[in-house]
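First to last, the sequence lines map onto chains A and B. Note that the first sequence covers residues 1 to 784 in our numbering. Note that the second sequence covers residues 1 to 784 in our numbering.
Hints were generated in silico from the structure; no laboratory data involved. Treat the hints with caution; some may be incorrect.
[Said to hold, decoys possible] Restraint ranges, calculated between C-beta atoms of paired labels, are given here:
1. B:Leu525 to A:Ala568: 26 to 32 Å
2. A:Ala568 to B:Pro610: 35 to 41 Å
3. A:Gly72 to B:Asp566: 17 to 23 Å
A quick note: this is a predicted structure, and the numbers were derived from the prediction, not measured. Note that beta-carbon positions come from the ideal geometry of N, C-alpha and C, so glycine has one too.
Protein chains: 2
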Amino acid sequence: MIQHPAFTVEPWSVRECRLHLDVLAQTESVFALSNGHIGLRGNLDEGEPYGQPGTYLNSVYELRPLPYAEAGYGYPGSGQTVVNVTNGKLIRLLVNDEPFDVRYGTLHEHERVLDLRAGTLTRRAHWSSPTRGEVRVTSTRLVSFTHRAVAAIQYEVEAVDRSKGVVLQSELVANETVAYAGDDPRAAAVLESPLVLEENVPAKDGVAIMVHSTRASRLRVAAAMCHEIDGPEGTRVEAEGLGDVSRVTVATRLKPGQRLRLVKFFSYGWSAQRSRPAMHDQVVAALAAARLVGWEGLCAEQREFLDEFWAGADVVVEGDPEVQQAVRFGLFHLLQASARLENRPIPGKGLTGSGYDGHAFWDTEIFVLPVLTYTHPPAAADALSWRKSTLPIAEEHAVQLGLRGAAFPWRTINGEECSGYWPAGAAAFHVNADIADAVTRYVDATQDTRFERDTGLPLLVATARLWCALGHHDAEGRYRIDGVTGPDEYSAVADNNVYTNLMAQHNLRAAVEAVTRHFDRAQQLGVTPEEAATWRDAAAAMFVPYDERLGVHPQSEGFTEHALWDFAATKPEQYPLLLHFAYFDLYRKQVVKQADLVLAMYLRGDAFTPEEKARDFAYYEALTVRDSSLSACTQAVLAAEVGQLELAYGYLGEAALMDLEDLEKNTVDGVHLASLAGAWIALVAGFGGMRAGQGRMRFSPRLPSGITRLTFGLRYQGRLLRVSITPTSTTYRLLEGPPLTLTHYGQEFPVGGKPVTRPIPKAPVPELRIRQPLGREAAPRRPD
Amino acid sequence: MIQHPAFTVEPWSVRECRLHLDVLAQTESVFALSNGHIGLRGNLDEGEPYGQPGTYLNSVYELRPLPYAEAGYGYPGSGQTVVNVTNGKLIRLLVNDEPFDVRYGTLHEHERVLDLRAGTLTRRAHWSSPTRGEVRVTSTRLVSFTHRAVAAIQYEVEAVDRSKGVVLQSELVANETVAYAGDDPRAAAVLESPLVLEENVPAKDGVAIMVHSTRASRLRVAAAMCHEIDGPEGTRVEAEGLGDVSRVTVATRLKPGQRLRLVKFFSYGWSAQRSRPAMHDQVVAALAAARLVGWEGLCAEQREFLDEFWAGADVVVEGDPEVQQAVRFGLFHLLQASARLENRPIPGKGLTGSGYDGHAFWDTEIFVLPVLTYTHPPAAADALSWRKSTLPIAEEHAVQLGLRGAAFPWRTINGEECSGYWPAGAAAFHVNADIADAVTRYVDATQDTRFERDTGLPLLVATARLWCALGHHDAEGRYRIDGVTGPDEYSAVADNNVYTNLMAQHNLRAAVEAVTRHFDRAQQLGVTPEEAATWRDAAAAMFVPYDERLGVHPQSEGFTEHALWDFAATKPEQYPLLLHFAYFDLYRKQVVKQADLVLAMYLRGDAFTPEEKARDFAYYEALTVRDSSLSACTQAVLAAEVGQLELAYGYLGEAALMDLEDLEKNTVDGVHLASLAGAWIALVAGFGGMRAGQGRMRFSPRLPSGITRLTFGLRYQGRLLRVSITPTSTTYRLLEGPPLTLTHYGQEFPVGGKPVTRPIPKAPVPELRIRQPLGREAAPRRPD
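Just chain A, with the same shape it has in the complex (with noise of 0.2 Å):
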């Protein structure tokens, strides 16, 4: 855990000022640089020391066997796990003959910085060899947004006393050591050595050529480098490649102030299908591209693409600085994993770490998208698609389980189920209401009938009738959905879960809308009018249960008749429970992971009234111990709409700091990429209010104590929209676009041309006293 300030808090930089080799595995997820496409963990240019060694590249994964103690009818036999690829950042410097290593000679100074405008990680070292060889080392490293296959890193050494002989070694390096945490020494054999080398051309004529592919699953990787060598007179440069080495070496001597510089450009592409030939010129021609650009022009279109995101997307939080750099952080890293997907998922660690084996679950569609959606619609566009490309696959799934329509994965990478615990993993079939709902959002915050048609179609009607094979009428005529898992994984297999049912009810009705404006395109589908009248049947007859003895929604039918759990006798070493508990334990008492019904009050609010929110959400507060990272930005949302604005504010700090400050001690294995889209949810919908649907925007915002103004962009239906909250008041500005209609509480009003500032209500004082299980209280935020 980071404990001590590891980064100094700055409104458009992570700085790391000093190196930590106890977090140093934390700081390589949070330095990581990705582009959606190509990921690179923030491992020091030496490549040692190291926490883990990352280079990734979306959806190249190898097949691990899946093992149970006792087999299962559909059971899946193999998974899916991210490979380390051929790591292309490697740069080796030698002063007098003692390799450059931080752990060795005397480290004067070490610097690291996240530029968030910039999209660069800049490191500074000054470094003393132990035979007191001293040097200065600047590098810098990007991966391009602009340029999907390409990184650059431009790296320099200064001589700083006396003359001395400075060698680097530029290196493409494959199969690199990876440590396995897990105890199947099966999957730690498949993981031990993934790539099999297919050609190792060495860079003779320039340009260096590695191509490998996976040994199971079959995917081709190439990845190729140049360099731009700018030294004194007399450099020399050697190349080679051996194995699964290609190595550039420069040696030079460097007087006292004199400077060898180096721009490494380093590409990589992979396919299933294309060959080896054809890989090896993908990436030389990738390379091709990025030097007609050169090292300033990649710098200089990277900040281009950056000025326009933040000009859309930026968010101000004024009063709270450590939340303003750790939302931009997040909004940061959210477009490095969705930037160049194009066809690809977003995993729940994106490209920074191999945490959940690099797996995309849920959270993208529900924590990730409406993010993009309404900051970068068309990354959201992007991860829908890929969804839409693994249809095939989910119907195949459904078949498999004797439903109809689709059953998305649990965890995936390449569209087929990974989950080796089927109550964890295929009964959450949520997944699939999630995916329509991010389908409905995106629709309806971009207006993109294409897309509609195209990719949004499909997925409605197919997670539909997957709902109408699960569900049932039953006697008294009410549409249940037995036998699933909700999002709160302290739970499982159980019978008419409010969240599932109210998302599916919302995936039924949305299929009939959008079948209703494509009826041409769905008839090809093969959807009748009368099977729509099955889907709007369930939708209008779904069960959703309540205790009306405890005036509230039982998570799932029965629960609220469950025992407590004895949280007095819990001790704070036991958390998270999982780890420490039977999933028996859990599953039978009334103890909640994460937010689920009121996950359910957020996205279906108009299924609630707000007594029942304030009393639901009261009752839920006092069961959840906030074990997952999916929780703190939902209790977040609910707690500012029931009128708790402080403990809001703790919990938006919660969703916020959870990778600078590693409040799960998990960082090491990736971001959480939705507890960062989190943070911007606490804020948007937590503060702001923010609702949108039916083409309609709503704001009710009201702020903490700790915040004096909140600002954000939104884009929405063509218009860009900047909110601004103050205490007091909220200013709606429409930067581009047509003028469009808005909420602000219940109140319509048209926005155009000019600004318009609306009046916050005072707050009515919350009636219900809330509290979170003993040990587990949210901790209040106090900004300094």
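Take the given structure of chain A and dock chain B to it, following the hints.
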């Protein structure tokens, strides 16, 4: 599946008149011999061909890793699996250097007979080698009921035509090749060669000894053999021992009509603690005792032991020779599985095969022990003493699960949980109430006060404590047991399973009564009057859900609101369902693998009115697919109780012929002890209408049309009763012990020196139409 009539129908034996190699593995199970300590599959003397070689010692197991695709807290990391120990039944024959192998040459005759009164397996073969060496071979094998550590074989070869050279090789062989059915290479590796040689002493001075130990579980296994040889002059004997083989070779020349006769005595011992020399001496001593008695003596003692058993336990079924044979076959296997347990478990397959890894389950307490309790009570006491001996492990397991008292394992050999799938393993807590039920049944039947104090009370107290930790009172004061799995494995992790709740209620009440009777001993166990009061209170408030709308009990809360399984769409080849449908699919629908609520109506008949029984039985008949061998017998009992006598008769046939006709196609893995016990239960509790408890034995006899007379013996409270039922009357005879009061159709009557005959009232006409799921109809039984 044994589709042809593999066995002839005879009252006291199971005879195979021709060798059918296609069902060799099944016949090895049927012809297995055991005394509960040693188990020998019915492998051919010469070892090959075989379906599965098998020599077992009760509780000799190896540990094997249990792998998980996704790990969870409290999952067992390793399981136990029964080991094929040193094979002592091997006797190879060579005729003129040609090995006797039924696959070669000409097998003129081949007969095997399991004699249920002699307790022997006899084989007669008449064979010509490919070079026309013609011999007759007769072997008789027994596993001694009177000498726990001893088995013996008498083997005779007779030259039929011309004079020929005959060689016998009598062996002990360890680490035979055993086919492994799973897909875990690590488990396969464990089982490939499980025994590590410690000592191999050849039979230079008459006795050969081999000592091995298991690799991971560190159990020491000793085997010894010695021989009596009777052959023509010039017969030579040699002995050698090398590696995992010990061999005694007997070579002779037989003229036509001459015989070579060999009696092989072999003995076994195992220990987790005793030293190699101690084990060596132990098996030598066992042989000495056996030789003293001699072959004829062993055979005489065997018959005497069985005579005594049959005198009390025999069941006579007039009118149905198949069932007659099957019920005796079943009783014989029950005795074989339990006669010499001495503090060891009764596995689901006894010691007849490696099915279920050799594990013991709840079937022992609920199906096997009731039969033993009324026919051979010492064996029931032994099995429960084993449970008692594992109490410390079960208490530790309870602590691990966050509970109190004892949580007995779902499947085990040594007392530790081996279930690799908790929803159908650790969550099936009813096993604890099942143990308590067996305890109270045994104590009621034997009035064994010492057992109750020393063994019963600790078991009842520990299990009662478990139910108090598992359940809780809800706001209405009902005592709920949530999130557990009942007997039906097509539902799991449900709230208030009626079977579990009623059995837990029984358990709690039994604990209160036992504590009252033995308060001094209970105090030593820490029981206070306060604690006993909580048990009484929980039992009194136990929640038994009821569906008022349908007028039936839901198997678990909410069960009757689930969708009905689509039987019409299920193809015959899709049974058993668990091999063709996901647990997810099965759990959420109304489909029942095996009697669950129906079993509750049998074991807790007092908790249901006759009308409820009739309605519940009809309801669950329509949902029960009998994919488990534990179902038909219970359905038979309730069918008889509600007046569906012909249906009960059909189910009796299924239970009784499970192994003789290989109905579930897995007799290859061992016999189905619980189903064999179930045949007795169907006859005695079904057609005899026998229920016992609270010191009273009650009968409501009524026969189906195919059975003309049913007679069975029962041991109860020191008496031996014999009950003989005809279509019109029942005669009760007291063969041993003082007079007692019985109940016939609710009317009490004394029975003493003279038989009492009572008329059977006219059968009421059942009102409800009973049907089974489409395609899973009960086959009516039509005895020829």
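Results of checking the hints against the structure:
About 27 Å separates the C-beta atoms of B:Leu525 and A:Ala568, a value consistent with the hinted range of 26 to 32 Å. At roughly 48 Å, the beta-carbon separation of A:Ala568 and B:Pro610 lies outside the given 35 to 41 Å, and the hint is violated. A C-beta distance of roughly 20 Å is found between A:Gly72 and B:Asp566, which places it inside the suggested range of 17 to 23 Å.
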